[in-house]
Amino acid sequence: MKILSLMRRQRFLLNCAPINTDQSGDRSMRSAMARTDGSVEFINQQKFDRAVAGVVRLIPIPAESAEWLSEKNLVPATIWTWKRMVRNPAVLAISIAVAVIAGVFVFNFVSHLSDFPGSATARKLLSVAASTRPVMLDPVNAEAGTLSDLFFMKHGLEHYDVPPEFAEFGTIGCRVFEDDESRRIAQIWVAEKRMQFFLFPAERDSKTGAVLRFRSWRYVHQEGWTGAVTEQSGICFMAAIRGRDKDLEPYVAKPKE
Amino acid sequence: MSAGAGKVREVFRGPSGVPDRKQNLPQLYRFCFLMLGDSRKALEVFHATLREVAQRAARGELPSEPFWLFRDARWRCLEATKSDLQPESFELDEHEITPQSASQIERLDPTQLAIWISAAPDPQRSALALFYLDEFDYREILDLAELNLSELSRFLVQGRRQLQAWLDAKFPQLRDV
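The listed protein sequences derive, respectively, from chains G and D. Counting from 1, position 203 in the first sequence corresponds to residue 202 in numbering that gives the first Met the number 0; the numbering is continuous, with no gaps. Counting from 1, position 68 in the second sequence corresponds to residue 67 in numbering that gives the first Met the number 0; the numbering is continuous, with no gaps.
Hint data in this document are derived by calculation from the structure and do not stem from the laboratory. Being a predicted model, the structure only gives us computed values, none of them experimental. Wrong hints could be hidden among the right ones.
As the list claims (entries may be wrong) - The following label-pair restraints were derived from C-beta to C-beta distances:
#1 D:E93 x G:R34: 22 to 30 Å
#2 G:P59 x D:D83: 17 to 25 Å
#3 D:S63 x G:N19: 55 to 63 Å
#4 G:A33 x D:D83: 39 to 47 Å
#5 D:A47 x G:R86: 21 to 29 Å
#6 G:H111 x D:S63: 45 to 53 Å
#7 D:R138 x G:A33: 13 to 21 Å
#8 G:S205 x D:G59: 55 to 63 Å
#9 D:G59 x G:R10: 41 to 49 Å
#10 D:E145 x G:N107: 56 to 64 Å
#11 D:R50 x G:R86: 16 to 24 Å
#12 D:L77 x G:I100: 46 to 54 Å
To be verified - Residues on chain G that point at chain D, a partial pick, calculated with CB under 8 Å:
#13 C15
#14 N19
#15 M28
#16 S30
#17 Q44
#18 K46
#19 I58
#20 I60
#21 P61
#22 T131
Every residue, glycine too, gets a C-beta built ideally from N, C-alpha and C.
Turn these sequences into a full structure, and let the hints steer you where they fit.
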């Protein structure tokens, strides 16, 4: 049964045998053609097919089609031009993705350029400043510079000193609270432009415990608030205001770095 | 049409300028002619196919499948003859191929052959046109004409015998030379 089927397939293949015997690239076709062993029937078929194909080759190409088929002024094929490559959806998608990733990297890099030890805490405290209401503080009517004694006497906070630049501002209230890392923070609200001051422990080296110092005033920004931060004796002071750097610049002694 | 023609030439030739066998344009015209048996209709289908190619190329939407140009032209030919008179389904005479067949065929005019092939019912017409173009191997013809091997074999055998009968009727003096 299998032999019969094979013979039938070979017969089918021979009926479709290529006109040009050089084109018999298929192994099964080559095998079928080899088995004919020069049969008269197959030779006649081949002659017949070659003669018909010869007539087909004589079909003239009309002059009207000459322009489509002309060899002259052939445009050199430029398969991949820049313009075409840029329009490719895959290239476009990858370019956009790379641009977004690069943008995020640049944004992170630029935003961390102004980082300093304690800047993360300072930003958190700017959020606290934004949400603080006057009733949350104990009313105190004094000069800000005098509250150092209060913080030391009442709360045992050493070196919680307001810098001279802000020491003369009249206060509305103050409080001492602990942040989420149990650090004790002193908060002072002053009448001047409704600024708020924060005093908090400076960041320390995790191995040595030494205070990570930084020079002069540094600026941080969060939710429309700006803070000018300085460090002295292991305690950071931050003057926070709703606004921009230029609103704080007149108060700080030295220009920002 | 100049821009379209340039675009099509650009599409179907590699950097070497050698025509792509799979999309050989003169053979495409001959295929249309064999399918339709009328040079005017063949030219219309040929130009319509190439205009479509030029538009697709301009949009960068050329299909990557091989022989799509011939596939497209085949459907256009079938569409063009849909409203024409269809060949009646009756048994044509069939004669055995003889050694004298070649000399009979050589006396044929290409237009006569094209008219004879175009009068065959499809898919036999497509099978004969594609086979005698001598452009594709049998597997490619199976794919293009959407046939299986036994069908293609049957259409070709039948086609040869019917053509032989027609040749015998047309050139009886050469029959028994």
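Now the hints, each set against the structure:
1. D:E93 x G:R34: 22 to 30 Å: 25 Å, holds
2. G:P59 x D:D83: 17 to 25 Å: 23 Å, holds
3. D:S63 x G:N19: 55 to 63 Å: 27 Å, violated
4. G:A33 x D:D83: 39 to 47 Å: 43 Å, holds
5. D:A47 x G:R86: 21 to 29 Å: Taking Cβ atoms as reference, A47 (chain D) and R86 (chain G) lie about 27 Å apart, which means the hint holds.
6. G:H111 x D:S63: 45 to 53 Å: Given a distance of about 48 Å, which is inside 45 to 53 Å, the answer is holds.
7. D:R138 x G:A33: 13 to 21 Å: 18 Å, holds
8. G:S205 x D:G59: 55 to 63 Å: Holds, since S205 (chain G) and G59 (chain D) (Cβ atoms, about 58 Å apart) stay within the stated range.
9. D:G59 x G:R10: 41 to 49 Å: 46 Å, holds
10. D:E145 x G:N107: 56 to 64 Å: 58 Å, holds
11. D:R50 x G:R86: 16 to 24 Å: 22 Å, holds
12. D:L77 x G:I100: 46 to 54 Å: 52 Å, holds
13. C15: 4 Å, holds
14. N19: Given a least distance of 6 Å, the restraint on N19 (chain G) holds.
15. M28: M28 (chain G) check passes; min Cβ-Cβ to chain D is 7 Å, inside 8 Å.
16. S30: With a closest approach of 14 Å, the S30 (chain G) hint is violated.
17. Q44: 6 Å, holds
18. K46: 5 Å, holds
19. I58: With Cβ-Cβ at 4 Å, under 8 Å, it holds.
20. I60: 5 Å, holds
21. P61: Holds, about 6 Å.
22. T131: Interface hint status for T131 (chain G): violated (60 Å vs cutoff 8 Å).
This entry does not satisfy hints 3, 16, 22, going by the numbered hints stated previously.
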